Amino acid sequence: MTTSGPRGGLAGRARAAAAFVLPLAALVVLWAVAVRTFDVDPRVFPGVGAVVKAGAEAIADGTLIQHIAASLGRVAFGTAIALLLGIPLGVAMGVSPAVASFFSPLLRFFSVLAGIAWIPIATLWFGYGFGAITFVIFNAVFFVVAYNTLLGVSSIPMPVRNAAASLGAGRFAMLTEVLLPGALPNIVTGVRTGLGFAWRGLIAAEMIATNVGLGYMLFAARDFYKTEVIVLGMVVIGLLWLALDRLLLAPLERLTSERWGMVRA
Amino acid sequence: MSTALPSVPVRPTAWQRVQRAWVRAVTAWPALRSILPFVPLLGAWWLTAAFEVFPKAFFPGPVDVARTFVDLVYKGILPEYLADSVGRLAAGAAVGIALAIPLGVLIGTSRRAHTALWPVLLFFQAVGDIAWLPILLVWFGFGLTTMTFVIVYTVLFPVVLNTVLGIRSVPTDLVRAARSLGASPARVVWEVLLPGALPNIMTGLRNGLGYGWRALIAAEIIVGTSGIGFLMFDARRAGSVVEIMLGMVVLGVLWYAVDAWILAPIERATGQRWGMVTRDR
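If you're matching them up, the sequences are chains A and B in order.
For the first sequence, counting from 1, position 168 maps to 271 in my numbering; every step adds exactly one.
For the second sequence, counting from 1, position 165 maps to 177 in my numbering; every step adds exactly one.
Chain A on its own, in the form it takes in the complex (with noise of 0.2 Å):
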């Protein structure tokens, strides 16, 4: 069907921000109205002007900023450990095609059990606290990353590879000119994927195994019934990952898939 009109400049750009907001300013406007007239008791849902409140009180006394940076610094951390490891690894197992059908199902087998699944066993090996919750991160990224490079790699023509070889590419100059950049579209990929899974493990991880946190944020609230928190925090885990996912990795993705003619826009 047809997609929307002309885009570019700052006008634009400013339109298609405002398109984006107003539906969901909209939502709230909803939302507002009807907690006012159906009159619903604060502890099943709370009133826009409770959560804003509440939001208010959290930011002034810090603790929203101490949850929020505690659940970004362990994705940060995870994720980095996760790409230092997965892309090199991903790379070197996709280098040859044999050995490439040799670690494909391995990775494939490990990153449809990645994240959540690893909760109770990284409990237990970490205990509660900081080093649970990185390791889920960390293999919520680490297997889909790595499956992904590996698919990248091996999916670069062979014709392609021989002829940069026979130019007199060494080993450096293939990896650094061939391999890395024609795998890129799909380790961009593996990262937005990766990275979905990881941020719904670190919800999940925070809700049993921290006292610091989003997701502990949203569960301690709910053992006293402050619907209001639970609220706020569900908001500012939509709209942080909104953020990172629509700012930081589609821009990303689509930059990589586009430069390389992946896909058709």
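Treat the hints with care, as some may be off.
Stated by the list, open to error - Computed Cβ-Cβ distance ranges for the label pairs, DEER-style:
(1) 53(B) <-> 165(A): 39 to 49 Å
(2) 155(A) <-> 65(B): 30 to 40 Å
(3) 180(A) <-> 265(B): 25 to 35 Å
(4) 191(B) <-> 266(A): 27 to 37 Å
(5) 276(A) <-> 191(B): 19 to 29 Å
To be verified - Far from chain B, by Cβ distances over 10 Å, these chain A residues were calculated:
(6) 160
(7) 215
(8) 226
(9) 261
(10) 275
(11) 318
(12) 330
Claimed, not checked - According to the in silico footprint, chain A covers these stretches of chain B (three or more CB under 8 Å from chain A):
(13) 48-61
(14) 100-111
(15) 127-135
(16) 149-156
(17) 185-199
(18) 217-230
Simulated from the structure, these hints should not be mistaken for lab results.
Quantities reported herein were computed from a predicted structural model and do not represent experimental measurements.
We treat Cβ as the ideally placed atom computed from N, Cα and C, and that holds for glycine.
Based on these hints, arrange chain B on the given structure of chain A.
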């Protein structure tokens, strides 16, 4: 790089011969491809456990896990929990799909609905299933409703978003052609838009089930009355790593089989990701 002239036969190295043997073996017996790689892994696991590199209580070997498997199957716990988990996933996914495809068609075909609902959809997808658990527990308590809600929610969004993408990727020419050949709007949806969107719908379904299955594990761990997730977390409370590992192996094998032998082939059969069914066939 080895650039040998054809007239000078180069003896392949041992490593190259191993690779060639592997390629020959998997071409002869394709099943080997998905089974054999796990043999060295099992071996390494067995050796690590046998030499007690880690304390046995924290890292049991494959033999212990297999014994527990037989034991739990014999007691009937494992089959029952497995049936519970799969049943919940299937029921939740069915409801999710039944809601998602009509919604996707609506948002994909009506520009007004798209303007109004697309950002809302993206936001609620971003909130994520698991973040709903605390408030669902307040609303519905620890029970089946909570778990079903979480799975429906998880499956819904990837399917809706991908259905919309699929429908919007159907070339307008095709819709116009069908219309000018006298197709009613309902027929356009049924015979042009839905088939055109099918590859995307299947991709969405595969993603949704992947997420839904993870959400189910999380829900079973937190809500926990039965199911594989509950088995694992119950074992964690008792400190029984064997049962946790068994749970992970069962989950991994089950999902690997479903994904590799059912979902991936269906997705491939409905046309490659960028392919258009309506155009090719």
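**Asked** Hint numbers the structure violates, sorted upward?
**Response** The structure breaks hints 2, 4, 5, 7, 8, 11, 12, 14, 17; every other hint is satisfied.
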